[in-house]
Amino acid sequence: KNQVEQSPQSLIILEGKNCTLQCNYTVSPFSNLRWYKQDTGRGPVSLTIMTFSENTKSNGRYTATLDADTKQSSLHITASQLSDSASYICVVSFDYKLSFGAGTTVTVRA
Amino acid sequence: GAGVSQTPSNKVTEKGKYVELRCDPISGHTALYWYRQSLGQGPEFLIYFQGTGAADDSGLPNDRFFAVRPEGSVSTLKIQRTERGDSAVYLCASSLTLGAEAFFGQGTRLTVV
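Protein chains in written order, with my numbering: chain C, 1 to 110; chain B, 1001 to 1113.
Each hint should be verified, as a subset may be incorrect.
Just a few of them, taken from the derived set where beta-carbon distance is under 8 Å, the chain B residues facing chain C [said to hold, decoys possible]: (1) Tyr1018; (2) Pro1043; (3) Tyr1048; (4) Thr1052; (5) Ala1054; (6) Asp1057; (7) Phe1065; (8) Val1068; (9) Gly1072; (10) Gly1099; (11) Gly1105.
Hints listed in this document are in silico derivations from the structure and should not be mistaken for laboratory results.
A quick note: this is a predicted structure, and the numbers were derived from the prediction, not measured.
Note that CB positions come from ideal geometry on N, CA and C, so glycine has one too.
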């Protein structure tokens, strides 16, 4: 059973709108939680990295939150752009091992 | 190099054949990881190298899979007697040190027909 669950599986939003992606995990303990963006046919690229003591981390229009008590994280995309169309993957790491979620596929339409 | 480079980007092979997938990590990165990503899934851990040695190969699915990193830089993932179920994108990542941020290559898409 996957230890990192993401929802929704996919979503479609209009350009300029905001959206929030969810991640629930059971990995324990963990070193940090990461959100990656993966464009079609490309490798994942890191967006944010948070340790268990951090509640929020921003990278431009991307803001990640973490609640280590409930083992939940979210990624909020503000003022979406067409280039935001990609798969967003939640990754929980302990030491060198990364546990990946299946990802949320975001499609931004004009 | 500027980033992690994987070759080939695409590989189509017949069932039963042998394939080699190559990964050139970022220069100076001591840690190197291989992952396998099936369609619609997140990457799954295969093997991790620290320097030249395979520190953890617990993710390799069976003994048809083997990986080497003889000089502590370039790594090769080798798959013997390929099966259709081996079809996936094989991702390589490297990090400066153990547990540091991992940078991924673009992957090799392997198709076994």
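Practice item. So, Gly1099 of chain B near chain C? Judge it on the closest CB pair being under 8 Å. Key: OK, holds: Gly1099 of chain B within 8 Å of chain C, min 5 Å.
Review point. Against chain C, with CB atoms and a cut of 8 Å, does the hint on Phe1065 of chain B hold up?
Key: violated, 18 Å
Practice item. Would you check whether Gly1072 of chain B satisfies its interface hint, that is, whether its CB is within less than 8 Å of any CB in chain C? Key: violated, 16 Å
Review point. Taking 8 Å as the limit, does the beta-carbon of Asp1057 of chain B come near enough to a beta-carbon in chain C?
Key: violated, 12 Å
Check your understanding: Does the CB of Thr1052 of chain B sit less than 8 Å away from some CB of chain C?
Key -> Thr1052 of chain B check fails; min Cβ-Cβ to chain C is 16 Å, beyond 8 Å.
Review point. Measuring from the C-beta of Val1068 of chain B to each C-beta in chain C, is the shortest one below 8 Å?
Key: Because about 19 Å separates Val1068 of chain B from the closest Cβ in chain C, which is outside the 8 Å limit, the hint is violated.
Practice item. Using Cβ atoms only, decide whether Tyr1048 of chain B comes closer than 8 Å to chain C, and label the hint accordingly. Key: holds, 6 Å
Exercise for review: Return the status of the interface hint for Tyr1018 of chain B: holds when the least beta-carbon distance to chain C is below 8 Å, violated otherwise.
Suggested key: violated, 24 Å
Review point. Holds or violated: is there a CB of chain C closer than 8 Å to the CB of Pro1043 of chain B?
Key: holds, 5 Å
Check your understanding: Was the hint right that Ala1054 of chain B lines chain C, CB cutoff 8 Å?
Key -> violated, 12 Å
Check your understanding: Was the hint right that Gly1105 of chain B lines chain C, CB cutoff 8 Å?
Key -> With Cβ-Cβ at 5 Å, under 8 Å, it holds.
The structure fails hints 1, 4, 5, 6, 7, 8, 9 (numbered hints given earlier, in ascending order).
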